[in-house]
Structures are given as C-alpha cells and as structure tokens.
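Undergrad: Residues per chain, in single letters:
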Amino acid sequence: MNAAATETSEAPEAPLSAPLNVGFDYTRSVGPVLGRFVNALRERRIVGVRGSDGRVHVPPVEYDPLTAQPLTEFTDVADEGTVVSWSWVAEPLDAQPVQRPFAWALIRLDGADTCLLHAVDAGSPDNIHTGMRVRARWADEPVGHIRDIACFTGPDSPAGPAPTAPPPPVAERAEGEPVSTVITPIHLRYLHSASPEESRYLRGLAEGKLIAQRCPACHKVYIPPRGACPTDGVPTTDEVELPDTGIVTTFCIVNVPFLGQRLTPPYVAAYILLDGADIPFLHLVLGCEASEVRMGMRVRAAWKPREQWSTTLENIGHFEPTGEPDAPYESYAHHL
Amino acid sequence: MNDVAVVGFAQAPAVRRTHATTNGVEMLVPIFAEVFEQTGLSKTDIGFWCSGSSDYLAGRAFSFIAAVDAIGAFPPIHESHVEMDAAWALYEAWLKIRMGEVDTALVYGFGKSSAGQLRRVLALQLDPYVLAPLWPDSIGIAGLQARLGIEAGLWSEKDLAEVAARNRRDARDNPFAQLSGDVDAAALLDTPYVADPLRAHDIAPVTDGAAVVVLASAERARDIVERPAVITGIEHRVDSPALGTRDLTRSPSTEAAGRAAGADASVEIAELHAPFTHQELIVRDALGLGDGVRVNPSGGTLTGNPMFSAGLIRIGEAARQILAGNARRTLAHATSGPALQQNLVAVLEKG
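These protein sequence lines map, in sequence, to chains A and B. Quick note on numbering: full-length UniProt numbering labels position 35 of the first sequence as 35, and the sequence is numbered without any gaps. Quick note on numbering: full-length UniProt numbering labels position 29 of the second sequence as 29, and the sequence is numbered without any gaps.
Since the hints were made in silico from the structure, they are not lab data. Careful: at least some of the hints might be erroneous.
[What the hints assert, rightly or not] Calculated Cβ distances over 12 Å to all of chain B for the following chain A residues:
1. Pro257
2. Arg306
3. Leu336
[To be verified] Stretches of chain A that chain B covers, calculated by requiring three or more beta carbons in the stretch to come under 8 Å of a beta carbon on chain B:
4. 111-124
5. 138-151
6. 171-178
7. 226-232
Model, not experiment: these values are computed from the prediction. Where a beta carbon is used, it is the ideal one built from N, C-alpha and C, also for glycine.
With these hints in hand, go ahead and build the complete structure from the sequences.
TA: In structure tokens, the structure reads:
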C-alpha cells in the first residue's frame, strides 16, 4: 500500500487527495473438486462434475445446486463449445484476460450442460454471435489456474495470440504433487481523499503549523480536526493553532523488529498530548535513552529541515525532552 | 412479536463525485440530523444502529468503523454492520425489533463509488476461483444477461430504452436524482453501444451517496409519526453463485422472496432495485406486478445508484409514499451480487 499527498488541481482549498494503490496475492486452497478442475487444466483438459439431475456442471460445483449434496462424479468435456450469450468489451480493464477489444461469453462446452464464463478474442463484435463455435486457446505454460485457458477463439478471430494480462504466480509444491493452491493477484487503484478538516490540518503542517479544531458541542480540541467529533457526531469547527510542545501521556518501548521498520530497536512510540489539545496522537520520542521516557514527561517537536516539509505529520521527525519538570499525573489522567 | 414500521427516511443527493472521504462521514452527518428532525428522536433514543458498506469500495480496511464517528457514539452504542447493501442491515434491525430486544433502530448505508473503478471492483464479489481471476466487470456480466432475454424474445432493446426513458422522466420530480430529463426512447436507441448489447441508458450511473432509515416498533411508531409504514413482510433469498448454472432471464430468488413477503398485485407502488434496464423487467415479472402498479416513481436506481444504499433507498422511498399519504400499500425490492443473485422484498402498509 502506498499513498503520497498530492494536491488536486481543481481549487486551492479543495480537500487533499492522493492515489492509493492496494495489492494482495490471494492464495487459496482448492479442495477436492476445484483441485480436480485446476489439475486437469494443467494438462490442457477440462473436467466437469455430474449433478443429481444428471447435468454436467463446468466449472465443477462442490455441492449440488438442487440438493446441496457433495458431488463426486467427474467427467471430461471438450475444450470447444457454443456461445450461449456474449457482451462486448470495447476497452479491456486491467488484468482482464484479453488486452484488446474482446467479448465476454457464456460458453457451453461440448459434453457440458452449464456454461463457462470466459473471454472470446473475437476482434470485433461483428465476429461473434450466439450459437457460434469457439475453442479454447491454452496458455503456453499451464500452471493449474483458470487462466490456463488464455481465452477462446472463433472462426473469424484475429490471427495470432491476443495480448494478455501477466500470468498468475505459481504456488510452490513438491515435485510430482498435484496443485493444491491457486494464487490470484488483486490490484486496485483508488483516489483517496482527506476530509476538509484534515486537509486544513495537512496544509498547516506544510507551513510548520499545528492546526487543531474545537468541537462546537463538547468544546474538545482535536488534532487532527475531524469531520465528526466521535462523541457528538458533528464536524469540528473553530480553528486553534497549537504550540509544538506537550507531554507524553503513555508510551511503549519497541523492542521487536518488523518489516518496514525505520528505526533500530529499542525506541519509544508515545502518545503526545500537545499543550491545549484534548486528544493525544502517536509519535516517536527520541533524544534520550528509551529507559528515561516517563508518563508526564515534557517534550517538544524536532522538525525536519524546512525544505523537506510537505502536507504530512512526518515534518516532525520526532519529539524530544525539554528538560522541564514532569506534568503531574492528575493533569493528564483523564486522557489515558 | 412486535410489528415494525419505518418512521423516518433521508438520503444524500446522488452525485457522480463528492469530495468526501470514503468513510461516509460527510454524507452521513447531515442526513442523520435530518431524520432526527423528522422523527423528533435524538441519538440517545436509538436502541440499535446497523450499517451497510464495503471496504472494497472504500479501498481501506474497516471503513465502517470510521463511519461510526458520524453517530457520535458516546456513551457506547449497540451497533452492527453488513458488508452488503444496507437493505440487509435493515433486515437485521427489523429482527432486533421483532424479537423485542429494542424498539427503535437506525439503519444507514454509504458508498463513494467514485474513489475506484466501480465495474472492476465489483468483479471481486464473484467466485474467487473460476470467475474473479478473469476480472469480469459488472457491466459485461449484465450484458450477457440482457442478451439472453433479447434473443429469447423476452424483451427488446426498445423495451429497455422505454424503461430508461420512463425512469428519467419520473426522476424529474426527485431532487436527489443524479440523472433526469424528458428523453425519448427512440432517441436513446440511436446512441452507440457501451457494452453491446447495453447502451449508456441501460446502465445505472456511478454514484456517491448515502441514506438512512429509522425503524420503530409499531407501538412506538404511532407516537412518532401520523402514518407509520408498517413492514408487513420482509424476506430475502439467494440464487446460485455459479452464473453458468442459472437461467439468467428469470429471478427465482426474487420470486421466492416476494411470495414469502406477501407481494401481490394489490400494491399501489413498487420501488425496484434494478441497476440495469432489463433487470427492472425481470424483477417486475418475478413479483407478478401488473400494469396497475406504479413502478419506481422516484426514477429508481437507473437515475442514481449509490452503492450499498440504493437498496435501502428503495425501502425508504416505498415508506415515504405511505408516510406522505400518497399510498396505503407499497413494495420495495433490493438486490445484491452479480446479475440479481440475491434479492430482498419488503411489503409496507399504512399502520
């Protein structure tokens, strides 16, 4: 996951937004029924399963749609069949099987009674019709995944294989063992927006200011300000500029390494309550031994050099002790 | 068991894009205030809160938790969530009141579809082994369904254009609609295909939006509003997730849910959740709604499709017709999943 704060060009005070790209390789075990199906695909064969009414389901279903009983009678079907319905994709989306205009089709393979949904590389909507015969075009290196069928083609399909999305990753398995898992990478792209209140705060940070807002109902000062006070359900309004000093309300010493960690343990992650704020936020306390950090300790922001500032709280590299006397426990107990 | 009535309904305007966050707070805060104004209730009067939304739409984990800020959930509240259209959240709230656990509930749904690429995100609601890895988009799947009906002679492209034109005309009276206008079916048929056999007017727009419905026990409802809309039946049913095994020109789950909920030709108004023109015809047929039934006077989902609240809005609109004194008996339908896979039907009557 990554997000970078970039301003949209629409209006100077429009809320901030930034691309947010998320991705994950979903790894799924296949079980006995889908396992049979994907292992056959690896051998360029297509298997179905016979239901209680005698119909052959392709792809096989684990449980009978009518009786809900487990199904076990597998049967091979052809890798060619008939188009039962189709729709046209003029501009393929990311990761769709055919990366030039193509048709989605419901295809009844010879020997099957249900339809398989897949892509037909037809070139043009004039080259596909219901009732048309189509045949599977197999991937060069089948791995045991629905995408081993690269696509289907008809009599008037364009010559040469269609450009395709990258093949799925192959799950590790011992030599000679059947495919037991399938991996499907999922990548999604979003435009992530900050709220108007958060945007005020982030723009303030870019100028080295700490901008909070007060809830009009409970009068608590929130930093960051919020689209809704979690206690009262109304947006925070009156703006308050806070100093960059405050106290540690509570903290923990991080001793455990983890992926992406930027500091070498041990170090201190602490809740910092800025002077004048009612809600603490999480930040780092450096500039002293981890063992010296205390609840109630007075701290001040250590800002990064001005030329590195942007719309982020990372402009403050960490907080460090001021050396002033600790705040008495009673003064922050209600923030714990 | 307690009867349950709708006593309040509000919706955010259906728009192509908001500046709001994906957690819905900016869309929800004003409409919560609106239903409290309508009902004279405050947040402390609400016994149970239930929402419908999707992390896949928001692109972030637990987005519905951030939405709870809009409630002002202090002291702590009794709350639940469904990763479905909020019509199913309403079903959960209905059960709570039926069982006598609470006597009021507030149901809300929200979604910012514009944050991502909606038709691609929706591929992730499909079977994860044999369908989702191909990324079949929601419009492509609907196109397969539409063509089956066209080629079977169940409806024509002209019939579909007429559905679109009627909804857009009706939406002229709906201040929350995203699309509206006096359009002619013949002119719509002259437009190019977007996903042959579907044209732009066959496909609900991409919409950011939110909605809220307030429920109360029938007894409590009488103190809140003059004409509560009592839910006399509400049921939901599901068809197989294996698209290739279904007869996509019919909706057996809508038919079964309608029968169980007491749907019949005596309803005056029906609000049907049909994100594609042909789906309005399928649902209408499955519910046995005759020509005497006024379908989608709001303009329906084809004129505004806020994901995860469009189904709840159907219930809100059907109830509003009773609350406002326009009808005595109405029906609402909500759908979820590809090609009308899962369907909910509610019948409402003047209490």
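Undergrad: Does each hint hold? Answer for all of them.
TA: Cross-check of the supplied hints:
{"no.": "1", "hint": "Pro257", "verdict": "holds, 24 Å"}
{"no.": "2", "hint": "Arg306", "verdict": "holds, 29 Å"}
{"no.": "3", "hint": "Leu336", "verdict": "holds, 16 Å"}
{"no.": "4", "hint": "111-124", "verdict": "holds (count 6)"}
{"no.": "5", "hint": "138-151", "verdict": "holds (count 3)"}
{"no.": "6", "hint": "171-178", "verdict": "violated (count 0)"}
{"no.": "7", "hint": "226-232", "verdict": "holds (count 7)"}
The structure shown violates just one earlier hint, number 6.
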